[in-house]
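Q: Residue numbers (my numbering), protein chains in the order written: chain A, 1 to 230; chain B, 1 to 265; chain C, 1 to 763; chain D, 1 to 55; chain E, 1 to 412.
Hints are computed from structural coordinates only; laboratory data are not their basis.
Keep in mind that this is a model prediction, so the values were computed, not measured.
Fair warning: there could be bad hints in the mix.
Quick list of in silico lysine to aspartate or glutamate cross-link-like pairs, EDC-like style, CA-CA up to 16 angstroms [stated by the list, open to error]: (1) C:K759 / C:E698; (2) B:K171 / A:D91; (3) B:K171 / B:E182; (4) C:K667 / B:D39; (5) B:K54 / C:D662; (6) B:K238 / B:D16; (7) A:K139 / C:D51; (8) A:K216 / D:E7; (9) B:K141 / C:D51; (10) C:K349 / C:D289; (11) B:K176 / A:D91; (12) C:K667 / B:D45; (13) C:K284 / C:D301; (14) B:K54 / E:E367; (15) E:K163 / D:D42; (16) B:K43 / E:E367; (17) C:K244 / B:D16; (18) B:K176 / A:D156; (19) C:K696 / C:D629; (20) B:K54 / B:D16; (21) B:K176 / A:D92; (22) C:K245 / B:D16; (23) C:K468 / C:E124; (24) E:K43 / B:D132; (25) B:K37 / C:E727; (26) E:K253 / E:E87; (27) B:K37 / C:D731; (28) A:K207 / C:D35; (29) B:K256 / B:E224; (30) A:K207 / D:E7; (31) A:K207 / C:D34; (32) B:K141 / C:E50; (33) B:K43 / C:D661; (34) B:K43 / C:D662.
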Amino acid sequence: MSTDQNQTVSTEAATDPVNHEPETNDSPPSKSSGWAVFLFFMIGFVGSILSGWILFPELLYSKKDQPIDFNHAVHLDVVSDDCESCHYFRDDGSFAGMPDLSSCIDCHEEAQTDDPEEIKFVDEYVTPDIEVPWLNHSKQPDCVFFSHSAHVIGADMSCESCHGDIGTSEHTRVYEENRLTGYSRDIWGYSISRLGKPEAGEPKPMKMNDCAKCHKEETGHKGACFQCHK
Amino acid sequence: MKDKNAKRYGMVIDLDKCTGCGSCMVGCYSENNVPFKADETNKLDSINWIRVYKITNNKTYPNTEVCYLPMPCMQCDGAHEGHSPCVSVCPAVATDYDYDTGIVSQIYTRCFGCRYCMAACPYHARKFNWWDPVWPADMEKYLSPNVSPRMRGVVEKCSFCFHRYQLARDKAYLEKREELEENEYQTACAEACPTGAITFGDLNNKHHAVYKLKNSPRAFRLLERLNTNPKVYYLTSKSWVRKAGDNYLAHEEPTKIKNNIKEHH
Amino acid sequence: MKIDRRSFLTYTTALVLGGAAGSMLTPAPWKLTDDVSIWTQNWPWTPVPEDGEVTYKQSVCTLCPGGCGINVRLIDGRPVKIKGLEDHPVNKGSLCPMGISGLQYLYGPSRVTSPLKREGKRGEGKWKKVSWEEALGAVTKKLAELRASGRPQSVACITGSDQGTTPNLIGRFLTAYGSPNYIRSATAQDAIEQAIYLTQGKQGTPVFDIENADFVLSFGSGILDGWGSAGRMFNLYGSQKPAKKIIQVEPRLSDTAAKANQWLGINPGTEGALALGLAHVIIKESLYDRNFVENFAFGFDDWTDDNGKTHDGFAKMVKNFAPDKVSKITGIDKAEIVSLARAFARASKPIAINGRGHGAIPGSIDESLAVQSLNALVGNINKPGGISAIPDSNYAKWPEVNIDEIASKGMQQPRIDGAGSEQFPNTRFLLNRLPEIINSAKGESPVQALLVTDANPMYTLPDTAATKKAFDRIPFIVSFSPYMDETASHADYILPNHSYLERLQDVPTAAGISRQVISLAKPVVKPTYETKHVGDSFILIAKALGGFIENAFPWEDYEAFLKETLKDQWRKLKKKGIIEIKYDLPEPLAFTFNTVSTKFEFYPTARGSVKQKQNSALPTYTPVPIEGDVQRFKLVLIPYDSIRLAGGAIANAPFMTKTVDDTVLKKQVGLLEINPATAKGLGLKEGATALLTTPKGETTVKVHLYEGIKPGIIAMPRGLGHTAYSEFLADKGINVNTLTGPIEDPGSGLDMAWGIRAKLIRI
Amino acid sequence: MFPFCFEWAWDISHLVFMGGLWYALSIIGAGMTFAIVKTIFDCSGGHDNQDHGHH
Amino acid sequence: MNETPLIPAGVKRCSKWQFSLWMAVVTAVLLWGVYAMYLIWYKGLNQTNMNDAYGFALWIWADLAVIALGGGAFFSGFLTYIVGKNELKNIINLAVVIGFICYSSALLILAIDIGQPLRGWFIFWHANVHSMLTEVAFCLSCYFAVLTIEFIPLILENPKLDKKPFWHHLSHNMHGIMAIFAATGVFLSFFHQGSLGGVAGVLYGRPFAFREHIFIWPFTFFLFTWSAAAYGPCFTILVTKITEMITRKKLVKDSAIHLFAKISGWMIITYIIAKSIDTIYWAFVTAPGMGFTLMDFYASSTYNIGLLFAEIVICGFIPGLILITKRGRENSFLLMSAIILGVIGVSLNRWVMVLQVMAVPVFSFNEWYTYMPSWQEVATTVLPVAYGLIVISLAHRYLPVFPQEKELNPID
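Chain A extracted, bound-state conformation (with noise of 0.2 angstroms):
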């Protein structure tokens, strides 16, 4: 790549008359650009972090409202058999999860009241026979296995240990979805640093290391892979 014509020189005495100053002529610093440059550094930090904090959660998760503004307390005020009556065990002890609207419709042919929702109810998914797609604060994704049945009856767990006091609330929560991973907010949990602990009453996060710790705590170790993978 180099011959010896054509060559550029570079020599000390050519091109750097101070070369034992390493300050150059044409930007002679002064401490006021350095503090300057500090300033600017600590814009850029501070506003980063900023923006980190409160802007970035806000930008992430995308809300949504639930079809329907769904009662609990209503509803369990009337049913016989707490979360079960709706949210019940199949005979191959499978959870059947958010009810269809078969489990609706003995009460809700009709409307009984005239609260607007119930009739919205009645009129958009029970008439003409279309499941509510309901949105699962609480769904896990597809490479999750989690038995309920093992949680539920095997280890006498009760819904609120997980999932809070939903079943005291009276409207439906805004349903937040990150809008990367298609996530509810509740897996990962409302604190954005997962540091703290949620309040009583508030649904518990559920990333896998949420899993593990309860896992630890209460049979000694966090399981194997294929506890809770499929």
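Chain A is fixed; fit chains B, C, D and E onto it per the hints.
A: Only chains B, C, D and E this time, still in chain A's reference frame:
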């Protein structure tokens, strides 16, 4: 981690009964959402959790004999339980050994596709998703929710249909039972085998069929000399088949080779 | 503070660095790193199957005539898995790979999702979606025209079966319409049924009570390759006692041969000679069942007819088949023949069966008769562990069809395929003759409109080129196929049937099983696409044609028709899914036969005129001619069947093709099996590409060296080389039918070809 | 790699392996911090007394 | 733009145009690699010809090879800063640049090689401390950080940067504690070179790779570390010689080269003796215990016994013997031959420990597995070469890589 109720699920495949029909493979595909491509003739990029090999005694016509050899994941125990060839090499713990069942897991969402486990497995039981899976025309409708479809770039393998164990456990919880019946947890291949060549159960449980079968004089395991300590046993009455199942020096006889590692309970 | 370009750059850098440093102290980069990886774990293009309640539905698999019970697992009504039905009398829980792949027939790119009208040239693949009204209207119009012109007999219908209500409904339609040309696809069952009819005088479904036999001598029947009800055969093999012996006689080490206790590599096509050779030894050594032969058989010894003419008996005839001679013909060692004959005769319940591979080709009547005679020699007829025939199920009884004059005239016309004619009096259907008859017809084709259902003759008939030529001469072709198969893709209209899991259908007894089992295939799911039950299509066409035809179908739809057909059994069937009638053999009647002599006829007196002219109706062995000049074509190509390849009307599901070994198919090229010794002579190494030529066609193949095939013989599987369907099946390997042709059995008219001469050149 | 990761265990393998890792990282981190802090100090305070003959 | 101020004082460089042309050519090659890389990341590893039997292929070989060849960096650091061979300061800069190139390439290759690059960080976060690959990833990344730190002062010596007081002082201060970094680098290198050896050695399901007893630990580790230390210097010398040839200048004094070559020679000899012991035990004890003879492993036409001979004798003992003899290493032809053989030898060893491990059938009924890389694999493997050429060219042009250059090539 291991408790005294721990199971060691294993399989016994009677090669004398296997006709090579491929039902186990198809049963497995449809149970485990195994994808398929237009061209599956390159068996080195074709995802099979159980593959039926056709081996011959290398004799000329008419003394030729053929034996079919179905190979799922051997769920190796290794020299000491949990030391499967693939488990210790995975850099991200995407595969582990479940001491409660003896089953080697593979977690597709954890795997980042380094393929070290594939290099480690002498049985070629591990398959890589070179492509994104595609189910053409409405075929996504037949996918089972019990096994998570894999994405491109991860390794997958036979899980002994672990999801069936999970589901059976669910039922047991509901019925407040600790133990599963032998027939409650069976793999899809064992279920699909139309000649009943595949038997599945707890190798530690005297009441399970596999317990007796594995002690048959016809029983052997593949590549036992590597000390992989597989939990899949084979039965054959043919000495050449037994010999093909491992490597032997010219003067060695399969039945006379003692393993350094004995199967443990 | 002076801001020039330089300091602007410095300050910006400071800002960015500060921002970067600051962001490290926020959740953003860490959460995003996590979320991006979670995104890869939940890629939107990776499907997430929906969970729900598990239920099971029981039905019957109708992908082949086997009639195995299936149990379908559904999630919230969505079928996700098929397995064998444990308590079904046919398969007892066992199922073949095709049956397990079933859901891939329900969904998938091969489905015809609505009625289609051909737009481009035939086979070009250009279709226009049309409404059911339009499609049915077009078919009705054509059929009405042909009737109006007085040619109802020029309408032919090809079906896959003639048992059960759907085929019967179609037959009824053709009768009312006025065409005798109801043609069912042929199988080995035809030849066996005919042999049973000739020897025992019974028309019915053959029974091979392998369950109770202890010595199975199979003349090339792929009993573990898909012969009969595959589920049943596998179940039998898996549960059989170790004492049971299976002897497989065929030129190739098939899966059956591999699992048999003994494999005898025979020269292909000489199975009949071996059967007679075995008979020779059994008779010579007096190992036969004297009681049966002396009391219940006719034609064993020489006999004199009413005219005083003496005829050779079976015993005398087989004297010509001494082990020496048979050894030369079959290529099997003389000692092997003798010991096999002894073992067969001395077994307590031996049974001999035939029908090569899956039984796709009927084979020669002589061969079937020879095998039947072998069974008779050991007295193994109409008893447990033996051969018999159960009468066709007779539940299909409907009001008599009243036909009009046009129909009456049409029905009096001879069948186009020649079945039942003076030449072939005992044969009911001769689909194999149809292409040749159409191609050699002067003027217009005798078939003016062809209706095809549950059959794919464009693929399954030997000599594909001739079939295509014949079909090209038929002006109007309608396919009722749910899949875009070869025949459908050459049709003018496709009126797609429901797929097998979407339709209601009765499934009568399959060949082989010793009980009458009527199962009900119940829809597992609602139809996914705009399809219609083929029975409904015919009822609607009948109603549209009006008059006597309409009157012949007083039912609203197929279900009503089925209900009335089954009458009191409907409820039971609907509830249980199966009606099982154990076919008991009342002892004293067991050895009564419906033949002229009321005995088992070693000498089948009812045999057609061809044989009579030869003075003897005895099943002798004359080499089945093979097409091709021996000088030009030094090798013999035989098609073989594999359980992993469906060679019949319904083709492979993608899952089945996935199981096919790379020694059978590599990329899009099929492999041909050849003995290494033969290959060496041709300079061919494993995987080498070669040009395969037969008198019927040529193709490029790769060779797979296999010691399990007789030297001089080359073999290719049936079931590859589809030209239709989807990318998961089309253009993979070669359809062996393009390289072979039919050979007409002079006695039955059925195809008895077992192979063809071939030439292999390295390229 | 941290005690709060799922895979972490307080066993000898983790202590040795991660101990080595954090040891190495600490040296690298401490070294670089030292170099940078000293440089900032040199630039602000010892500006006039700097030594150029470092080679 | 006048680039003269960018060029170190007192040295001659080729013209801007010549340099630009050269850079354009190499950049074109680089872009080809980048395109292939893009294809692989976008479409997945189906762009390669790897398969389920060849899960590790060309890339992993390239990875292991560049790490071995880059071994000159840690070893020269070890010799200079810890043993105190000051003579080697004249070549250590180049060793560091090469190390930087090799290790950054290795990391890039790993990022291309994995099926799910966006999950690559799992190897750190969800580390399985028992996996060799985890150890490799950790040490590789840490050592890359060290190499970057070692490279920074050299960059800061660029005349233009040296004028800024911050960079000037930083360079100075980093120099001051370089020995600590070098020692850390040596520590890390011992580990990751060793665990790379362990990568194949622990595969007890692969009779060709597996070693038992002390031959797995510490031997497989020791052999890889030792061979990288032994052959790495060969590559450093080779690059020096090639740079000298291209620039038509002497850049490093013979005394430094000969010292480095001599040390390399003794390392090679000791390594190859150890390797021979390992091979003998493996061939006569380990393999037969699993039912294999040595020749079973060399039964293919590609992988025949000549490969073992080439690795141990032709590329082992021969270069070793040349380099330990004064006459050998001081004869320029013999020196050149020895270092080239050395470079081939270690690359061959890494090839065998990756590709042949995959090729040998474990079942008697399986054939040898064959593999031919796709163009995408070749392009992404060439990518680091082009990248390396660019970095070396830039470094040589703008940085005082060779401290003796000014002295050896005085400008009139």
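Q: If a hint holds in the structure, say so; if it does not, say that too.
A: Outcome of the hint check:
no.: 1; hint: C:K759 / C:E698; result: holds (9 angstroms)
no.: 2; hint: B:K171 / A:D91; result: holds (7 angstroms)
no.: 3; hint: B:K171 / B:E182; result: holds (14 angstroms)
no.: 4; hint: C:K667 / B:D39; result: holds (6 angstroms)
no.: 5; hint: B:K54 / C:D662; result: holds (11 angstroms)
no.: 6; hint: B:K238 / B:D16; result: holds (8 angstroms)
no.: 7; hint: A:K139 / C:D51; result: holds (12 angstroms)
no.: 8; hint: A:K216 / D:E7; result: holds (12 angstroms)
no.: 9; hint: B:K141 / C:D51; result: holds (12 angstroms)
no.: 10; hint: C:K349 / C:D289; result: holds (12 angstroms)
no.: 11; hint: B:K176 / A:D91; result: holds (13 angstroms)
no.: 12; hint: C:K667 / B:D45; result: holds (12 angstroms)
no.: 13; hint: C:K284 / C:D301; result: holds (13 angstroms)
no.: 14; hint: B:K54 / E:E367; result: holds (13 angstroms)
no.: 15; hint: E:K163 / D:D42; result: holds (15 angstroms)
no.: 16; hint: B:K43 / E:E367; result: holds (13 angstroms)
no.: 17; hint: C:K244 / B:D16; result: holds (14 angstroms)
no.: 18; hint: B:K176 / A:D156; result: holds (11 angstroms)
no.: 19; hint: C:K696 / C:D629; result: holds (12 angstroms)
no.: 20; hint: B:K54 / B:D16; result: holds (13 angstroms)
no.: 21; hint: B:K176 / A:D92; result: holds (12 angstroms)
no.: 22; hint: C:K245 / B:D16; result: holds (14 angstroms)
no.: 23; hint: C:K468 / C:E124; result: holds (13 angstroms)
no.: 24; hint: E:K43 / B:D132; result: holds (9 angstroms)
no.: 25; hint: B:K37 / C:E727; result: holds (9 angstroms)
no.: 26; hint: E:K253 / E:E87; result: holds (9 angstroms)
no.: 27; hint: B:K37 / C:D731; result: holds (14 angstroms)
no.: 28; hint: A:K207 / C:D35; result: holds (12 angstroms)
no.: 29; hint: B:K256 / B:E224; result: holds (13 angstroms)
no.: 30; hint: A:K207 / D:E7; result: holds (14 angstroms)
no.: 31; hint: A:K207 / C:D34; result: holds (12 angstroms)
no.: 32; hint: B:K141 / C:E50; result: holds (9 angstroms)
no.: 33; hint: B:K43 / C:D661; result: holds (8 angstroms)
no.: 34; hint: B:K43 / C:D662; result: holds (7 angstroms)
Checked against the numbered hints above, the structure violates none of them.
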